[in-house]
Amino acid sequence: MIKAIIFDLDNTLYWDERSNDEALEATCLFASSHIPAISPDKLKHDVIREAELQFATSTFFDFASSIEVTTLEALWARFDVGSHPMLEKMRIEAPIYRFNAWHAALQSSGQYNPDLASLLATRYPQERRKRSFIYDDTFETLTLLRSKYRLLLLTNGTPDLQREKVDSVPELASFFEHIIISGNFGEGKPSESIFRHAIDLLEIKPNEAVMVGDNLYTDILGANRCGIQSIWINRSNASRPDHIHPTREALSLSELHPLLLSL
Numbered sequence: 691m692i693k694a695i696i697f698d699l700d701n702t703l704y705w706d707e708r709s710n711d712e713a714l715e716a717t718c719l720f721a722s723s724h725i726p727a728i729s730p731d732k733l734k735h736d737v738i739r740e741a742e743l744q745f746a747t748s749t750f751f752d753f754a755s756s757i758e759v760t761t762l763e764a765l766w767a768r769f770d771v772g773s774h775p776m777l778e779k780m781r782i783e784a785p786i787y788r789f790n791a792w793h794a795a796l797q798s799s800g801q802y803n804p805d806l807a808s809l810l811a812t813r814y815p816q817e818r819r820k821r822s823f824i825y826d827d828t829f830e831t832l833t834l835l836r837s838k839y840r841l842l843l844l845t846n847g848t849p850d851l852q853r854e855k856v857d858s859v860p861e862l863a864s865f866f867e868h869i870i871i872s873g874n875f876g877e878g879k880p881s882e883s884i885f886r887h888a889i890d891l892l893e894i895k896p897n898e899a900v901m902v903g904d905n906l907y908t909d910i911l912g913a914n915r916c917g918i919q920s921i922w923i924n925r926s927n928a929s930r931p932d933h934i935h936p937t938r939e940a941l942s943l944s945e946l947h948p949l950l951l952s953l
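Each residue of the sequence shown is one higher than the one before, starting from 691 at the first, in our numbering.
Calculated from the structure, these hints are not laboratory results.
DEER-style ranges, computed between Cβ atoms:
hint : residue 1 : residue 2 : range
1    : E893      : S798      : 51 to 59 Å
2    : F751      : S837      : 38 to 46 Å
3    : G800      : K693      : 54 to 62 Å
4    : S808      : M691      : 50 to 58 Å
5    : T749      : S808      : 16 to 24 Å
6    : E893      : S837      : 17 to 25 Å
7    : E783      : Q816      : 19 to 27 Å
8    : F751      : S808      : 18 to 26 Å
9    : E893      : E715      : 40 to 48 Å
Straight-line C-alpha distance at most 30 Å; calculated DSS-like pairs for lysine-lysine:
hint : residue 1 : residue 2
10   : K820      : K734
11   : K838      : K693
12   : K820      : K732
13   : K895      : K693
14   : K779      : K820
15   : K838      : K895
Virtual Cβ for every residue (Gly too), placed ideally from N, Cα, C.
The task is simple: from the sequences and hints, build the whole structure.
Shown next as structure tokens:
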């Protein structure tokens, strides 16, 4: 019998991709307003590429990857919450990372402009914090399921950023008995340890829980390894690799309730 649902946050309940995309577009348009020769579309493409390159060579890359901080999250996170020593290192080095990503992206457009790079490195976090989107069926689904199941939120990322995302959506946190953030725990999905931690907090058996998430590798594979059933939120109707098998698959959150009844 299913007693609890473990939810992922980013791109499951909270529309992170849209928030990032719109903030990047606004920042690149801001750059173009200063220098009309800059193509906003090209700058957007270039800063994503340069951020990935800078991220991969950073001294905090291994730790950031282990808790699944993304390159774009590192462009706006403060890293000012949490006791892990690497979080302090990330807090100190993040401004340099942000500047280098924007500076290199501008140079790809033929613009050597450190002052504008500094401005954009500050502007993007401002634009990103203006934008918090959830899916149309998020609250309706959570309201329905809360009356029937216990709910826990399990999200990868840094404590400051993931908490900020949750708090930016009024009442979202109130649906969950527990909120687990990988940056606080020290390991992220798909590590079995963080799933076991969730089960221990709920004081249930693995087969009494269901993991709901959009990411096959972190959410579904991690749950499978621990004997937790899973529902893959596959909004784009994408194909999946043969070695990962969600228990069920849904195109939207609104499909969850009947699927849960079938488990």
